[in-house]
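Going down the list, the sequences are from chains A and B.
Read in order, the letters of the first sequence are residues 19 to 299 in the working numbering.
Read in order, the letters of the second sequence are residues 14 to 586 in the working numbering.
A couple of the hints might just be wrong.
[As the list claims (entries may be wrong)] Quick list of in silico lysine-lysine cross-link-like pairs, DSS-like style, CA-CA up to 25 Å:
| # | chain 1 | residue 1 | chain 2 | residue 2 |
| --- | --- | --- | --- | --- |
| 1 | A | Lys223 | B | Lys47 |
| 2 | B | Lys113 | A | Lys222 |
| 3 | A | Lys223 | B | Lys113 |
| 4 | B | Lys499 | B | Lys398 |
| 5 | B | Lys586 | B | Lys499 |
| 6 | B | Lys47 | A | Lys222 |
| 7 | A | Lys71 | B | Lys113 |
| 8 | A | Lys22 | B | Lys113 |
| 9 | A | Lys220 | B | Lys499 |
| 10 | A | Lys261 | A | Lys276 |
| 11 | A | Lys158 | A | Lys261 |
| 12 | A | Lys220 | B | Lys113 |
[Stated by the list, open to error] Here are a few chain B residues that sit away from chain A, every Cβ distance over 12 Å (derived from the structure):
| # | residue |
| --- | --- |
| 13 | Ala53 |
| 14 | Gln201 |
| 15 | Ala326 |
| 16 | Ala489 |
[Stated by the list, open to error] Here are the computed distance ranges between Cβ atoms for each label pair:
| # | chain 1 | residue 1 | chain 2 | residue 2 | range |
| --- | --- | --- | --- | --- | --- |
| 17 | B | Pro22 | A | Arg49 | 36 to 42 Å |
| 18 | B | Glu438 | A | Ala290 | 27 to 33 Å |
| 19 | A | Pro53 | B | Gln124 | 36 to 42 Å |
No wet-lab data here; the hints were simulated from the structure.
We put the CB at the ideal spot given by N, CA and C, even for glycine.
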Amino acid sequence: MSLKIVVLAKQVPDTRNVGPDAMTPEGTVNRSALPAIFNPEDLNALEQALRLKEQFPGSTITVLTMGLPKAADVLRDALYRGADDAVLLTDRALGGADTLATSYALSMAIRKIGIPDLIIGGRQAIDGDTAQVGPQVAQKLDLDQVTYVESIDSVCEDCRKITVTRRIDGGVEKVEAPLPCMLTITGSAPACRPQNAKRVMKFKKAAAPAENREGARWTITQWGAADIDADLAQCGLAGSPTKVKAVQNIVFKAKESKRLSADDAEIKQLMAELLASHTIG
Amino acid sequence: MANCYSDRPELRFELNHPLMQRIVELKERNFRDKDQYDYAPETFEDAMDSYDRVLGIVGDITATTIAENAEGVDVEGPHHEGHRVRYASGTERNLEAMVKAGMNGMTMPRQYEGLNFPITPYTMCAEIVAHKDAGFGNIWSLQDCIETLYEFGSEDQHRRFIPRICQGETMSMDLTEPDAGSDLQSVQLRATYSEEQGCWLLNGVKRFITNGDADLHLVLARSEEGTKDGRGLSMFIYDKRDGGVDVRRIEHKLGIHGSPTCELTYKNARAELVGSTRMGLIKYVMALMNGARLGIAAQSVGISQACYDEALAYAQDREQFGKAIVQFPAVYDMLSLMKAKLDAGRALLYQTARYVDVYKALDDIERERKAAGEKLTAEERAEQKKYAKLADSLTPLAKGMNSEFCNQNAYDCIQIHGGSGFMMEYACQRYYRDARITSIYEGTTQLQVVAGIRYVTNGSYLAQCREMEAQPVSEAMKPLQERSAKMADMLEEATARAKEAGNQDYLDLCARHLYEMAAYSIMGHLLQYNATQQPELFEKSAHVFMNYADAEVRKHYHYIMHLTPADVEDYRK
Numbered sequence: 019m020s021l022k023i024v025v026l027a028k029q030v031p032d033t034r035n036v037g038p039d040a041m042t043p044e045g046t047v048n049r050s051a052l053p054a055i056f057n058p059e060d061l062n063a064l065e066q067a068l069r070l071k072e073q074f075p076g077s078t079i080t081v082l083t084m085g086l087p088k089a090a091d092v093l094r095d096a097l098y099r100g101a102d103d104a105v106l107l108t109d110r111a112l113g114g115a116d117t118l119a120t121s122y123a124l125s126m127a128i129r130k131i132g133i134p135d136l137i138i139g140g141r142q143a144i145d146g147d148t149a150q151v152g153p154q155v156a157q158k159l160d161l162d163q164v165t166y167v168e169s170i171d172s173v174c175e176d177c178r179k180i181t182v183t184r185r186i187d188g189g190v191e192k193v194e195a196p197l198p199c200m201l202t203i204t205g206s207a208p209a210c211r212p213q214n215a216k217r218v219m220k221f222k223k224a225a226a227p228a229e230n231r232e233g234a235r236w237t238i239t240q241w242g243a244a245d246i247d248a249d250l251a252q253c254g255l256a257g258s259p260t261k262v263k264a265v266q267n268i269v270f271k272a273k274e275s276k277r278l279s280a281d282d283a284e285i286k287q288l289m290a291e292l293l294a295s296h297t298i299g
Numbered sequence: 014m015a016n017c018y019s020d021r022p023e024l025r026f027e028l029n030h031p032l033m034q035r036i037v038e039l040k041e042r043n044f045r046d047k048d049q050y051d052y053a054p055e056t057f058e059d060a061m062d063s064y065d066r067v068l069g070i071v072g073d074i075t076a077t078t079i080a081e082n083a084e085g086v087d088v089e090g091p092h093h094e095g096h097r098v099r100y101a102s103g104t105e106r107n108l109e110a111m112v113k114a115g116m117n118g119m120t121m122p123r124q125y126e127g128l129n130f131p132i133t134p135y136t137m138c139a140e141i142v143a144h145k146d147a148g149f150g151n152i153w154s155l156q157d158c159i160e161t162l163y164e165f166g167s168e169d170q171h172r173r174f175i176p177r178i179c180q181g182e183t184m185s186m187d188l189t190e191p192d193a194g195s196d197l198q199s200v201q202l203r204a205t206y207s208e209e210q211g212c213w214l215l216n217g218v219k220r221f222i223t224n225g226d227a228d229l230h231l232v233l234a235r236s237e238e239g240t241k242d243g244r245g246l247s248m249f250i251y252d253k254r255d256g257g258v259d260v261r262r263i264e265h266k267l268g269i270h271g272s273p274t275c276e277l278t279y280k281n282a283r284a285e286l287v288g289s290t291r292m293g294l295i296k297y298v299m300a301l302m303n304g305a306r307l308g309i310a311a312q313s314v315g316i317s318q319a320c321y322d323e324a325l326a327y328a329q330d331r332e333q334f335g336k337a338i339v340q341f342p343a344v345y346d347m348l349s350l351m352k353a354k355l356d357a358g359r360a361l362l363y364q365t366a367r368y369v370d371v372y373k374a375l376d377d378i379e380r381e382r383k384a385a386g387e388k389l390t391a392e393e394r395a396e397q398k399k400y401a402k403l404a405d406s407l408t409p410l411a412k413g414m415n416s417e418f419c420n421q422n423a424y425d426c427i428q429i430h431g432g433s434g435f436m437m438e439y440a441c442q443r444y445y446r447d448a449r450i451t452s453i454y455e456g457t458t459q460l461q462v463v464a465g466i467r468y469v470t471n472g473s474y475l476a477q478c479r480e481m482e483a484q485p486v487s488e489a490m491k492p493l494q495e496r497s498a499k500m501a502d503m504l505e506e507a508t509a510r511a512k513e514a515g516n517q518d519y520l521d522l523c524a525r526h527l528y529e530m531a532a533y534s535i536m537g538h539l540l541q542y543n544a545t546q547q548p549e550l551f552e553k554s555a556h557v558f559m560n561y562a563d564a565e566v567r568k569h570y571h572y573i574m575h576l577t578p579a580d581v582e583d584y585r586k
């Protein structure tokens, strides 16, 4: 059996290494001050796809991203690590998209690629932290979805089913889903394998037309809104109902502390308070 | 993200040395592979960019996977199960990452699935890996043995064995026996040709074999019955798939715990001859050893770097008497000397690696031309000879000095940690234990002196110094270059005195001192060159190193000038 897999990837600012100039005075993310990286959980997703490819030789992995031309960096990275093909979705008409417009564009691109056996993405991106795009893509393609996947346990060829382990609060659950389906992978899944020397030497010469790179020897597929037959009203800013009303800078001023004895009653009291204030639970 | 390559600008500096132009030219031969292999470079810049990127991958794997596993590997160590070795779980993960990244058979030609890398960037990878786990460095770097099979094996052997190494199978070199350590001429493992089976059969015992349960072994064995010296020894390749070699025990060692050191028993183990009989020790093992010595020099530099990093971080963090201890002269004296030894040793290592690259690439071209009935041109032959001689002279210095430096740096690393350094919680104790073997295996420092002394007495080191004295350096380096010239004068005078006595024991007693004088003089020049090119990286180290090197040379000079042949008796036991 061989599988057709699409991996969704996003180029994000590295919010894990935030410096003092990470935010603009207006309260938006200062993208130029943060290095652009491969969204970490998308790398976990790619690793799951690569493991399936090892298990089922002949499988193909297409990595799809939407973004500015420089988002081709994450596609090259995916090619370095073992992906077979890469698609860059880039168009001014797609810019400024919220999760709804993004998942619309991605779903249309996936239709163009051809509905695969599996779509795998990271649980969420470290810039928006919404965890909405994966589920919305599945919804728009009318596919089943399993979120918070930590490992793919088995794929049954005859019955077209997949069994996965899903990370939930306080434990894991085993879930079976029919193929095709969409999986989102958590950061607790195995880290992605390293880049491969030969693949780096080959695909460093891969580029999307919009990058205008000289000496490119391998073309990254590049599509705009028209290529995926997108309804412009559902794309970009026009298709994004989410509006940012205001952004506030919050500075924590006071450090509250409370001294408790080891008395059970006091601890119970604290638990009740924390539950009531929704700090825990 | 931490990266053990890109965080180390000294390495990138060494990679971009002007001699790389010639090395790439010789390795890539007009970029003839570019149409056949999609990963082959098209230009010099393309090749250099690929080396840089691949080093970045190794730097990444080292800073993440290998670094995370290092402590666990040291505690767990390899397991002896039945007659086989199972690596520590962290070692397995390290190996898997390196194999997936395609970092095996790096120097082999593309037709055998290799990367066709020069020795220089490969050696850098070895340094980087050893920086976080010296023991794992051994397992990974033993891929280097394939170089010997490539040089001396048949085309059929190349086809069958080299791709396996490129795919990630491991190697070992089975030389040492209970009664044959430094003295390999005494090897007794028996190789007999079986007409019946149409192959050689190996019988006997090997001891202290690093990675002894490897997939492919290069074995030194006695093929000529009744002989007692090196001329009766041949080299064989043993394939674990054929069976016949068992691991009797894994040694319990002071350091490099991740690297399994094995005692092996051979019972009618089927093996193939490599090259011709009788050439095993005198030709093939010598080539194998030279490669291995460069590997240990790289491992030593890696450990030195780890010691320096650890000591510096601790000294910046630890406060005593109201300030960080790094601010005390007694502490920064140690730290700056550690860094100077590290920089000087590294400069020597990569100068050696580049020389090896030039002559080995020419050797390869020569073999290729020979097969086509052609020869090297007279200029190429002269170049090959020149660089082979330079490489042979610098290899014992690079191995001996770097292994001693890394022990010294490990000592100082603990010293800077004070009492904490004596506790097992800190990484410096591991570096201290791991460093200790570097000046012993692949030829002790004393044997490096034996290999190096001929280049003292024949004037080769001195000639290299004199040549470097004439090279232009920056204004800031000129006074140091003049000091170097005086150091070379002392080397010349002391050498003449040791030789003139005409007493071999006296010369042997002076040898270590002369060897170090030569090494310090050469390293001083190399650092002056580096500081001329990139003062911000090397100028401080050049000054610190020269203060130290000058004093060391004077010490040895003084020693020899006051030692007479009659004094030998005071030393003799």
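Practice item. Starting from the range 36 to 42 Å, see whether the pair Pro22(B) and Arg49(A) falls in it by beta-carbon distance. Key: Given about 27 Å between the Cβ atoms, the range is violated.
Review point. Taken at face value, is the distance from the CA of Lys222(A) to the CA of Lys113(B) at most 25 Å?
Key: Holds, because 18 Å separates the two Cα atoms, which is no more than 25 Å.
Practice item. Below or equal to 25 Å on CA atoms is what counts here, so check Lys47(B) against Lys222(A). Key: 14 Å, holds
Check your understanding: Does the alpha-carbon distance linking Lys586(B) and Lys499(B) stay inside the 25 Å limit?
Key -> Since the Cα atoms of Lys586(B) and Lys499(B) sit roughly 36 Å apart, the hinted pair is violated (cutoff 25 Å).
Check your understanding: Does the structure keep Lys223(A) and Lys113(B) at a Cα separation of 25 Å or less?
Key -> 21 Å, holds
Check your understanding: Given the hinted pair Lys71(A) and Lys113(B), is their alpha-carbon gap at most 25 Å?
Key -> 14 Å, holds
Review point. Lys158(A) and Lys261(A): Cα distance at most 25 Å?
Key: 22 Å, holds
**Study point:** Status of Ala53(B), Cβ more than 12 Å from any chain A Cβ
**Key:** Incorrect as stated: the minimum Cβ-Cβ distance to chain A is 8 Å, not above 12 Å.
Review point. Is it true that Glu438(B) and Ala290(A) lie within 27 to 33 Å of each other by Cβ?
Key: Violated: the Cβ-Cβ distance is about 41 Å, outside 27 to 33 Å.
Exercise for review: Would you check the hint for Lys22(A) and Lys113(B), treating anything up to 25 Å between C-alpha atoms as holding?
Suggested key: Holds, at about 22 Å.
Review point. For Ala489(B), which was marked as not at the interface, is the minimum beta-carbon distance to chain A over 12 Å?
Key: Per Cβ check, Ala489(B) is outside 12 Å of chain A; nearest 35 Å; holds.
**Study point:** Agreement of Lys499(B) and Lys398(B) with the hint, judged by alpha carbon distance not exceeding 25 Å
**Key:** Outside the cut-off at roughly 29 Å; violated.
In this structure, the hints that do not hold are numbers 4, 5, 9, 10, 13, 17, 18, in rising order.
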